[in-house]
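Protein chains: 2
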Amino acid sequence: MLGRVGAGLGAQKDLGRGRGGGVGDEGGDRPKRPAPATRREFARVGAGAGQSAAWLLGSETSGSLRAAGLGMTSGGSRFLWLLKIMVIFLVLGIVGFMFRSMFLQAVFSSPKPELPSPAPGVQKLKLLPEERLRNLFSYDGIWLFPKNQCKCEANKEQGSYNFQDAYGQSDLPAVKARRQAEFEHFQRREGLPRPLPLLAQPNLPFGYPVHGVEVMPLHTVPIPGLQFEGPDAPVYEVNLTASLGTLNTFADVPDSVVQGRGQKQLTISTSDRKLLKFILQHVTYTSTGYQHQKVDIVSLESRSSVAKFPVTIRHPVMPKLYDPGPERKLRNLVTIATKTFLRPHKLMIMLRSIREYYPDLTVIVADDSKKPLEIKDNHVEYYTMPFGKGWFAGRNLAISQVTTKYVLWVDDDFLFNEETKIEVLVDVLEKTELDVVGGSVLGNVFQFKLLLEQSDSGACLHKRTGFFQPLDGFPSCVVTSGVVNFFLAHTERLQRVGFDPRLQRVAHSEFFIDGLGTLLVGSCPEVIIGHQSRSPVVDSELAALEKTYNTYRSNTLAQVQFKLALHYFKNHLQCAT
Amino acid sequence: MLGRVGAGLGAQKDLGRGRGGGVGDEGGDRPKRPAPATRREFARVGAGAGQSAAWLLGSETSGSLRAAGLGMTSGGSRFLWLLKIMVIFLVLGIVGFMFRSMFLQAVFSSPKPELPSPAPGVQKLKLLPEERLRNLFSYDGIWLFPKNQCKCEANKEQGSYNFQDAYGQSDLPAVKARRQAEFEHFQRREGLPRPLPLLAQPNLPFGYPVHGVEVMPLHTVPIPGLQFEGPDAPVYEVNLTASLGTLNTFADVPDSVVQGRGQKQLTISTSDRKLLKFILQHVTYTSTGYQHQKVDIVSLESRSSVAKFPVTIRHPVMPKLYDPGPERKLRNLVTIATKTFLRPHKLMIMLRSIREYYPDLTVIVADDSKKPLEIKDNHVEYYTMPFGKGWFAGRNLAISQVTTKYVLWVDDDFLFNEETKIEVLVDVLEKTELDVVGGSVLGNVFQFKLLLEQSDSGACLHKRTGFFQPLDGFPSCVVTSGVVNFFLAHTERLQRVGFDPRLQRVAHSEFFIDGLGTLLVGSCPEVIIGHQSRSPVVDSELAALEKTYNTYRSNTLAQVQFKLALHYFKNHLQCAT
Chain H
278 MLGRVGAGLG AQKDLGRGRG GGVGDEGGDR PKRPAPATRR EFARVGAGAG
328 QSAAWLLGSE TSGSLRAAGL GMTSGGSRFL WLLKIMVIFL VLGIVGFMFR
378 SMFLQAVFSS PKPELPSPAP GVQKLKLLPE ERLRNLFSYD GIWLFPKNQC
428 KCEANKEQGS YNFQDAYGQS DLPAVKARRQ AEFEHFQRRE GLPRPLPLLA
478 QPNLPFGYPV HGVEVMPLHT VPIPGLQFEG PDAPVYEVNL TASLGTLNTF
528 ADVPDSVVQG RGQKQLTIST SDRKLLKFIL QHVTYTSTGY QHQKVDIVSL
578 ESRSSVAKFP VTIRHPVMPK LYDPGPERKL RNLVTIATKT FLRPHKLMIM
628 LRSIREYYPD LTVIVADDSK KPLEIKDNHV EYYTMPFGKG WFAGRNLAIS
678 QVTTKYVLWV DDDFLFNEET KIEVLVDVLE KTELDVVGGS VLGNVFQFKL
728 LLEQSDSGAC LHKRTGFFQP LDGFPSCVVT SGVVNFFLAH TERLQRVGFD
778 PRLQRVAHSE FFIDGLGTLL VGSCPEVIIG HQSRSPVVDS ELAALEKTYN
828 TYRSNTLAQV QFKLALHYFK NHLQCAT
Chain X
278 MLGRVGAGLG AQKDLGRGRG GGVGDEGGDR PKRPAPATRR EFARVGAGAG
328 QSAAWLLGSE TSGSLRAAGL GMTSGGSRFL WLLKIMVIFL VLGIVGFMFR
378 SMFLQAVFSS PKPELPSPAP GVQKLKLLPE ERLRNLFSYD GIWLFPKNQC
428 KCEANKEQGS YNFQDAYGQS DLPAVKARRQ AEFEHFQRRE GLPRPLPLLA
478 QPNLPFGYPV HGVEVMPLHT VPIPGLQFEG PDAPVYEVNL TASLGTLNTF
528 ADVPDSVVQG RGQKQLTIST SDRKLLKFIL QHVTYTSTGY QHQKVDIVSL
578 ESRSSVAKFP VTIRHPVMPK LYDPGPERKL RNLVTIATKT FLRPHKLMIM
628 LRSIREYYPD LTVIVADDSK KPLEIKDNHV EYYTMPFGKG WFAGRNLAIS
678 QVTTKYVLWV DDDFLFNEET KIEVLVDVLE KTELDVVGGS VLGNVFQFKL
728 LLEQSDSGAC LHKRTGFFQP LDGFPSCVVT SGVVNFFLAH TERLQRVGFD
778 PRLQRVAHSE FFIDGLGTLL VGSCPEVIIG HQSRSPVVDS ELAALEKTYN
828 TYRSNTLAQV QFKLALHYFK NHLQCAT
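Sequences listed follow chains H and X, in order. Last residue of the first sequence? That's 854 in our numbering, and every number before it is there in order. Last residue of the second sequence? That's 854 in our numbering, and every number before it is there in order.
Read the hints as simulated data drawn from the structure, not as lab findings.
You can't tell identical chains apart in this list, so a pair holds if it fits in one copy or across any two.
List of simulated lysine-lysine pairs, DSS-like, C-alpha gap at most 27 Å:
| hint | residue 1 | residue 2 |
| --- | --- | --- |
| 1 | K554 | K541 |
| 2 | K648 | K666 |
| 3 | K647 | K666 |
| 4 | K551 | K403 |
| 5 | K554 | K585 |
| 6 | K424 | K554 |
One chain only, chain H, in its complex shape (with noise of 0.2 Å):
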């Protein structure tokens, strides 16, 4: 019997052999499981426990019982051989019992030879190469993945342009300075950077809200989900605390069970977990004093296990609605909008080829050109400025004027025709979540995406032709980041983004980048809208006139270098390709 039961414990210290390598290279934050020692171990253990049963027993001679004092009759040998037995078991129970989880893993886990070299079916612990990577996670060949450091590359596609050249060598360490502490005052009133992300660790003996729960500056809400799951005690006590807030219950508890109300923690301390229940069903949060955009981390802790979640404290955005008013008439529900300069005549063709179609729609002109202009119409808007003061500008100004829900963008130069559809651009508004769609001048749509790629230095911008994906409900159209001079758009989020007054002269796609992160923007090309010719006038005034204009649709080196100063300091960017 000893033999099978040694044999036995000698089995099980085979399976200490050969546990394959691998496991635990790549070093980790786990111990390493001690195989190998721990099989020793058992063995040694089992080798001791059969030695003591072979003391206990004897072996075949009795001599060592017969040292050990015991006399024995024949009668009372089958009771020894009880006891023997019993023992043993007894031995071997504990035994057991101590080294059941090993004893488990020994039984259960397939066993491994231990051989210098990894055994196939063994896995080893790497990650993909980069290289894989990218081209898992890239979009129109740029890779967007989180990254220290992004990169402008030229190629024969596309140039690239570092924004920081923009500036005078000796100038650009005060500049970064400068626009480091712009940007930290800027984030810090953003609510950002938004704090890492929240981990819950697994069998936490808690329920609680992962995602969700909001409070207003000042208000209270119930917090939704909390349980307590954890292994029966005597006592249940549990904690809960936040920082931006107060806590409470509106359980009907005595001060014995809760304490805490309205502070900071509440502490609920029951033997009733039918209580505990309850009030952990009935907790509420007080946001105390007004703040904007923050989030609380609550923790709910009881013994040594900790849940947290997030209690978001925001303002919600006051709606800016517009009434389309009972019928619905275009003139209530869209306000066409535009600047001028130096091209009276092209404003003029312009607004008559307007109403010849939509007779009736407000017409909204800004104008910063010398001598303002006498428009005989009564539903145009005629708003004279400083000269010169800027293409960008004018537009902020028209659209700022704009009192319906959506304001329809022409330049002073294009000519409205049989296809200049505007009711088709707001059923697409109307039915989309977009903010702006574009139409198409004279066939072209001029789309192109914005890719971005963030990192601390500032972003990587990548732009590129054409769109994202079709547009839901509407095959024709598409997603895109920006589009032509001819589109329609929520006046109210048009409005929030704006056109910067500082981009004077030519400039175009700033309004597109300041939009990204605020407007949805698609382009429907069948609505389309014509062009004046740009052949020179006959008569010689308007001729001057365009030749002074010319001068000032020029793109100077002076004036690019001005936007890509504006690019690096105010968008926060590095370079764009």
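Starting from the structure of chain H, add chain X where the hints point.
Just chain X now, with coordinates in the frame of chain H:
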């Protein structure tokens, strides 16, 4: 010895009495702890053990032993005793091991007797009455707690406005329907209403990110914190499922281990726990399709346990920073803006007062008077508008032209003096998170708080004089919701809210109401501006102008009704006090 052991066991039995009733009285979802029964069992077993011990050891009479057939010699008797004791302990040990949990309960819990009626100390489950809740969670007498319906009650201190009264009875149903349609369109585009909170169940064997995982559209992010700490099993199968994006892992593993790479469902099957851990540490989420402001719920599942966590798809808002320049000249930081109408003399007096203290700050003037002015000042930008276009239209025009970080709003009849320290206001905005900081007009700060109760049929707005709390870092300043028309503001934030050009005549608080959720407003009474006298002018032409002006400053019933209707529709409000 047996006696003592038996007494010990018997003493345990005594502990079986006395634990009070009430536990489990309420009826719940947990089975009653079968306390007394267990103790009787334990006592029985203990007695049994005692009996076996007695049987093994014999009583004082060595009779039973002899019956068992153990003969003894005097030298062997010591050994026998040793053996007996060992056996007793072994048996007790086994018994103790098998019943350890019951034993621990018996020793450590306080026993309670089972009584028919609840004893004192048993907590009934009831909630605080609504009155108590109102007291607990009120601010300025307004109950800031979620409710289905809010109310505006007039009293001695304030009146109340019910906004739908501004509409004719017959129009109201159609207006309500239109407002609801516009509101839903607005909500959709803002990603509202936010989804219900995501609740985590207790004792999930998973680690996962509760909050904070964000990804830009089309980008990929690694998901932090994924863990599986479930029971050992021969094979582990873990599934991850997303809906607005796809999942992958950058662990380099064969397809037999990970399936569904780049799909909406990722399945990991392995018997290697370390490998599972490694893969989970390197899971990625890719947002597919260009979309804004969405929350994807990703689920992590193994066998029957499921954890869910949110991934927010969001494009960060593009910064709009302003370079203050190397010397931080006030001219590069602040632009003054004002609007004027039929009060050119007052405007000129105001301008002259500015120049006394600030000779080179840019002043933007929006003018919707009949005749344009000629202002000989190199740093004044002058804009004309359609006649009587309106107060807020002019304000919106003026701020649309600002190119500096801050804009100082002043009315055209103010008067700068030596206490009008713009630098102090700049300092406040530079060092805090305020978006707007008001000063005092001849000692009048006009601070008011705006409190909002949301409800499905429109929010209830409560306006109260005063402030919320002092401003951190500026003890003489406060945080509030509205101030006078003398304030410094972040240009970018001010433009984001804007002045609604639909408000043509008398209006003030509407701007701050529109700003709720976007603007953080403060007030610093020590920065004072003067106000020109209201006494009528002598000059006849100016007097005529003033007369015309005053007719526009009226607040007729029709105008009041217009503004109430605007609050109803545009701001989706129900009423105000």
